[in-house]
Amino acid sequence: MNADDKKTSCSWVVESIDSYIDGDLGRDEMAAIKTHVNKCRRCREELAFVKGTLAQLRDLPNLDCPRRVSDVVHERLAASRPDQHPVRATVPSGFVKRWFSGRQLGVPRPALASALIVLVVLSSLIISRINRPAEHISPEQVSEAEAAVKWTFAYVNEISRRSGLAVRDEVFEAGVIRPMQRAVRSALEADTPTVPKDNGGSI
Amino acid sequence: MAEKFRKVVDRYRNSVYTFAYYSLGNKEEAEDTTQEVLMRLWRNWQDLKTETMPAWIRRVTRNACIDMIRRRRAYSARVVASGETLAFDHAVSNEPDPDVSAENSELRDQIRRALTTLKEPYRSIVIFREIQDMRYEQISESLDLPLNTVKSYLHRGRRMLREQLRETLHERG
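Residue numbers (my numbering), protein chains in the order written: chain A, 1 to 203; chain B, 204 to 376.
Calculated from the structure, these hints are not laboratory results. Honestly, I wouldn't trust all of these hints.
[As the list claims (entries may be wrong)] Distance condition first, Cα-Cα at most 20 angstroms in a straight line; then the derived SDA-like pairs of lysine to any residue:
1. 210/B <-> 248/B
2. 354/B <-> 258/B
3. 230/B <-> 26/A
4. 51/A <-> 210/B
5. 51/A <-> 316/B
6. 230/B <-> 25/A
7. 354/B <-> 324/B
8. 354/B <-> 67/A
9. 230/B <-> 51/A
10. 322/B <-> 346/B
11. 51/A <-> 247/B
12. 210/B <-> 279/B
13. 230/B <-> 258/B
14. 252/B <-> 25/A
15. 207/B <-> 39/A
16. 322/B <-> 271/B
17. 51/A <-> 269/B
18. 51/A <-> 279/B
[Said to hold, decoys possible] The following residues of chain B were derived to be distant from chain A, with all beta-carbon distances above 12 angstroms:
19. 213
20. 241
21. 256
22. 272
23. 277
24. 312
25. 343
26. 372
We put the CB at the ideal spot given by N, CA and C, even for glycine.
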């Protein structure tokens, strides 16, 4: 098959159809395809199919992004100081690094520090209340302590959400969960009547 | 700086969302991906130059879509491995295209679905060129591919899309 024969074959036309539509071929090749298509029904149908699908593809609309998507980003921005770059301005100090994991995005240190202070103060308060003998804890105090715990966790969660940081598990574990477990265990043990050990009468 | 960032977001969010939607075929994932791209833009704000920003945004958008597809596949694999049934379909949405008239909507819907089946970089090039009407130079810069490669990949991508469409049309009789 010489070059001219090749240019009149259906396979060559189908192969070159996208370049033909985009006008990327030389003048002779464009003319050869046009002539072939006028004579060949199959290639004419193929060209119509290609042009039709391309027209539909090009007609797919450009879409409007829902406003809420960028609003979330702007809200995060608003939480940071507008004159400072979020990453550079709030590079976590050693203290924050020890307490938080993840990358800090936009919450200034005072907010993080206050979250930690609230966490520590409330935890101590709750622990000290649980540590009292069971008979001294009223139902109101229990509800109050529960509300304080919920509030503390919600506050820390909110700070974490806004800043893109998570309180380290080991910090929660060592600073809150384990002391609370110990306090609850000891309060329960204090409340449970135990059989005195027989020490054989000695003091 | 925040004001300038806001303007850039307003300028690019629709094109990021459009690309993500046609790449992923799913509105929720497109929204998440757009948000992710805008956050990455903010994180890199001080290091970006105005003249290279559009290409950077397109590149990051494409990468974020690829990441999303990988996560989707990993999730599906985990669900299949655990023998559970998918509670909801993470894949291509069955919803009709927004803003598309009833006329020709079926073919467009098939085209939209066929797009999501294309491999990279064909899918990205077809979306950039045919839907977002970008110049070859812009695509070449965004994907770090030579101009002629972009053109030949575009034609190959369009051919693959047609093959996929033919299969769908054949299955439907």
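Now the hints, each set against the structure:
1. 210/B <-> 248/B: holds, 13 angstroms
2. 354/B <-> 258/B: Distance of about 18 angstroms is within 20 angstroms: holds.
3. 230/B <-> 26/A: violated, 42 angstroms
4. 51/A <-> 210/B: Given that 20 angstroms is the threshold and the Cα spacing comes to 38 angstroms, the pair is violated.
5. 51/A <-> 316/B: holds, 19 angstroms
6. 230/B <-> 25/A: Answer violated: residue 230/B to residue 25/A is near 39 angstroms, above 20 angstroms.
7. 354/B <-> 324/B: holds, 12 angstroms
8. 354/B <-> 67/A: Violated, because 35 angstroms separates the two Cα atoms, which is more than 20 angstroms.
9. 230/B <-> 51/A: Distance of about 28 angstroms is beyond 20 angstroms: violated.
10. 322/B <-> 346/B: Cα-Cα ~14 angstroms, so holds.
11. 51/A <-> 247/B: Roughly 42 angstroms between the alpha carbons, so the hint for residue 51/A and residue 247/B is violated.
12. 210/B <-> 279/B: Roughly 38 angstroms separates the two Cα atoms, so the pair is violated.
13. 230/B <-> 258/B: violated, 23 angstroms
14. 252/B <-> 25/A: The hint is violated at about 37 angstroms.
15. 207/B <-> 39/A: violated, 59 angstroms
16. 322/B <-> 271/B: holds, 14 angstroms
17. 51/A <-> 269/B: Distance of about 29 angstroms is beyond 20 angstroms: violated.
18. 51/A <-> 279/B: Between residue 51/A and residue 279/B the Cα gap is close to 36 angstroms, so the pair fails against 20 angstroms, i.e. violated.
19. 213: Nearest chain A Cβ is 7 angstroms from residue 213/B, so the label is violated.
20. 241: violated, 4 angstroms
21. 256: holds, 16 angstroms
22. 272: Label holds. Min Cβ-Cβ 19 angstroms, cutoff 12 angstroms.
23. 277: Holds, since 21 angstroms exceeds 12 angstroms.
24. 312: violated, 10 angstroms
25. 343: Holds: least Cβ distance 15 angstroms, greater than 12 angstroms.
26. 372: The claim is violated: residue 372/B sits with its nearest Cβ about 10 angstroms from chain A, within 12 angstroms.
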